[in-house]
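S.K.: Those protein sequence lines, which keep their order, are chains A and B.
The opening residue of the first sequence carries number 1 in our numbering; numbering runs sequentially from there.
The opening residue of the second sequence carries number 1 in our numbering; numbering runs sequentially from there.
Just so you know, not all the hints are guaranteed correct.
Claimed, not checked - Heads up, simulated SDA-like pairs for lysine to any residue below, C-alpha to C-alpha not over 25 angstroms straight-line:
no., chain 1, residue 1, chain 2, residue 2
1, B, 49, A, 358
2, A, 122, B, 115
3, A, 362, A, 604
4, B, 49, A, 337
5, A, 604, B, 115
6, A, 611, B, 105
No lab work stands behind these hints, which were simulated from the structure alone.
Just so it is clear, the structure is predicted and the values come from calculations on it, not from any experiment.
Read off the chains here:
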Amino acid sequence: MTMSQYAAELCALLIEDQFGDLFARIFTTLQRYERLPLPRLKFYSRLTERQLHHGLAAMIQHHLVFHFTSLEDGNTYYAANPQAAYYLIRSGKIIHLVESRLGEYAARVMETILYLGHVPIKHLETLPDLRYLAPAAPNGLVKEEEPEEEQEPQELDTEAGEETNGANGDHAEEVLQKPAPLHSTLKALASHGYIIRVKDAHFQSPEDNYIEAHKAASNRSDIKMLKGKRLTEELLQKTEEILRERTDGDLSEGLMVNGLPRGVKRKIANGTSESASKWHQTDHNGTNGNHADDDEENDWSEDEDGFDNIPMEPSLVLRVNYEKLDVALRNARFVEMAKDDAAPATAEVYETLLRRIEYVTKRCRDTSEIPREGEEGEQFSIPIETYKIVSDVDPHLDLSGCMGPLNPASASVNRRGKRPLENGVNGDNHYEDEDEDTVDDDVSRAYEINQHLQLLEQAPHNLASHVRLSDGIKWRVGFRGLARKLRHLELERLVEMRYGDVALRVLRVLHAKGKLDEKRLQEISLLPFKDLRQTLASMQAGGFVDLQEVPKDAQRQPSKTIFLWYFDPDRVCSSVLEDTYKAMSRTLQRIKFERNLRRDFLDKTERSDVKGNEERWLSEGELEQLQRWRDMEAILLGVVSRLDDMVAVFRDF
Amino acid sequence: MSRFGAKKGNRAPGAEFTWDADPGGVPDTAPTPLYPAYVVPWARKLSEKEQSEVNHYRHLRERFHEGPYYSVLDTSSSSAKKGSAARANFDPFHGMPSYSGRYQKKRRTLPKIANIGREYETRYFPRELWPTIMPNFRPNASIDGFHAQTALAGMKRGFEDDEDEEDDTAKRRTAGADEDEGEGDADEGELLEGDEEAEEEIVDDDFEDDEDDMGGDYNAEQYFDGGDDEFGDDGFGDGGGGGDEDTY
């Protein structure tokens with residue numbers, strides 16, 4: 001994969017930031033000269049053999065370098081893996097995502113896997129920091145709080161009508177000391193698809209894999225029989241098949257329960273997830289949120305004690321599955337979009353739908369490149385039945401609060417009709433609700449959920465769409481169209497920020513109408529000539545719109561030429577993507593520079609005696625300075641991560 | 001600019017440059033505005049989610065930095081071999097070893113691969129790296145043949161490095177036993193350990209390499225101690241060191 005200048009620079013900077021400049025040197029050499037055998041690599045990188053051996057081994061461990069041993073000459077070739085290098089920046093997002101979905105311990109496991117590159121399960125078992133649920137330090141803190149809340153969770157659980165263990169709170173202290181449920185956590189991660197089995201093909205570049213698969217396909221006896229057009233077709237298909245088989249390390253099969261990954265169902269049914277709606281929390285007490293985490297962890301351990309204590313195969317080697325994580329991050333992005341212009345409850349229903357779809361979506365799209373505008377057909381995700389969403393959605397979620405009353409006679413709506421800004425009134429009714437868990441309630445919930453999703457189906461975003469079948473309504477999401485929408489929104493945001501709202505209007509007109517000459521453009525956009533020309537000129541300078549000349553005669557005189565303005569989203573997208581890479585690498589360089597300015601000070605804070613006891617060894621001024629530096633670095637890294645969101649929109653979704 | 005313009009006003013040309021207008025005042029040395037006013041955009045404050053993402057990122061990065069793989073190219077110190085690049089870049093103001101330097105963070109120049117309590121899945125690595133990831137790996141006959149093929153480009157270098165590697169692995173094995181015993185030692189032990197390692201690596205750094213890169217150039221360092229160098233004779237015999245021969 002060839003990369004543009006800035007993308008390559010960015011990857012090298014990221015590697016340097018995380019692993020030091022030896023890795024960065026090897027990586028840039030490989031990027032510059034593409035694939036190289038060891039002696040050549042040594043020559044170009046000007047490193048010693050030992051440095052190269054050690055560096056390459058460690059980089060292969062982290063998947064930063066592909067290697068391929070040719071059968072013909074026996075040489076091993078090395079090549080850079082820019083994708084893995086780029087995803088280093090996304091590690092924060094990935095860990096955060098896992099934390100918010102599967103809890104703190106799962107995030108820790110994920111981080112360890114990221115830290116180790118790829119790792120066999122038997123090694124994970126031996127690691128001391130994965131052995132216990134709570135990290136050592138905050139242990140005391142948690143213990144202190146525990147007794148006060150002991151009564152609350154029990155009430156909560158029994159009310160929810162779930163068969164969670166009754167003695168929830170009592171166990172809490174032991175749980176912290178108890179061996180952590182590593183295997184069930186790994187199973188949860190695997191069934192979500194966040195981690196996959198490592199295969200040999202993961203260490204070879206995609207091109208090598210393709211060539212090998214192609215060779216294997218053409219050697220098959222049934223292919224050799226074919227001729228002409230059928231041969232090429234069949235060959236292509238078989239190659240794809242072999243390729244998929246070789247690279248697919250999916251572990252989720254066999255770990256799903258009723259189409260749901262492990263570790264999810266309980267969490268939602270318990271109502272203690274972070275998704276519990278506001279009024280639910282206020283109904284009980286304020287400290288509830290604090291408890292939620294501990295409760296989740298209980299679930300985990302219980303999982304292991306109960307029906308599910310078959311450990312995973314210890315020799316299984318795991319790595320992180322970036323493709324699937326992209327799907328999850330994309331869905332998070334859509335949920336944010338829904339949150340922007342719909343009620344929180346609607347967004348939550350939507351999130352549930354997307355979650356369901358995510359479990360069966362392996363990657364964001366099938367093609368490796370984003371297809372050109374207009375050449376991309378819509379592909380819908382698999383349709384999800386409403387009843388599944390009903391069963392998934394948090395049972396405490398107030399669905400009717402933000403909708404108009406559907407039927408004034410219905411009792412349940414009257415009860416929950418208002419959003420209780422002040423609690424108390426509502427609290428009593430809530431308990432009654434739980435008791436009568438009738439079929440009727442389910443039906444009305446299904447109706448409400450359909451209403452919410454219909455709301456999202458409307459313009460401008462068309463976040464979902466429905467299919468009406470004989471057995472009810474199913475919901476699906478047209479991801480390709482939505483991804484395109486995201487790209488356009490991002491471009492429009494940029495244009496509005498840089499050139500103002502007039503420019504945005506012009507851009508939208510051009511996008512809707514295609515190529516237009518100035519006069520026509522002015523008529524449609526209802527702008528004075530002067531403004532229009534200024535905007536167009538500045539936008540052209542920025543590369544957002546372009547001008548096409550259509551001469552009327554062979555002389556190409558300007559007076560006899562038609563000038564057409566147009567906006568080409570593909571081109572703009574790719575140039576914006578490059579700009580984004582550039583901005584990211586500049587920001588990273590800025591961090592490096594700022595760090596260099598404070599090098600002496602930062603060296604001091606990194607001294608082995610100071611580190612960890614900053615309060616003890618640093619003066620007040622120094623502590624403040626350290627805090628200031630950390631804040632600044634956080635802002636800069638935050639900017640990089642925002643830019644990464646843009647890259648995701650333009651490249652990955 | 002033009003004097004004609006100045007005549008219309010009541011000021012002499014160049015009057016704006018005199019200091020008489022404001023006796024005793026400080027001349028305004030601020031740069032004249034060359035560019036239109038530019039609004040510097042401010043980054044939004046980080047949201048809670050972003051803050052947590054950044055923290056996770058930094059935490060992972062910290063682990064990488066503390067981990068065995070983080071390695072830099074030049075840790076210049078005065079203990080570096082004379083004439084090596086590391087010695088040339090030595091910073092005499094901050095680089096002198098001092099007592100407090102004991103606690104200074106040590107940077108490796110070479111990722112530590114073996115003996116870090118991590119097992120490698122050997123099948124995922126190319127064969128030529130096997131000696132690196134497995135310290136007690138004995139290359140057998142078939143692999144020797146394999147090496148001979150890859151080392152065609154620089155016969156001399158490849159040969160030497162094999163020896164190097166073996167030496168190294170032997171050393172490591174003995175050191176490995178020590179390490180295993182003293183794994184749970186205090187920080188102090190580890191510090192020293194790291195120190196030794198760093199030194200060893202620096203010693204091995206890039207002197208030979210330079211020589212290799214420069215091919216047959218005259219090498220001042222080698223002028224005097226060229227004779228008692230272990231690879232002096234047969235090393236230069238086969239072509240590479242032809243230039244050196246001339247200087248004698």
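S.K.: For a quick check of understanding: which of the numbered hints are violated here, in increasing order?
M.R.: Numbers 3, 5 - these are the hints that the structure violates, sorted from lowest upward.
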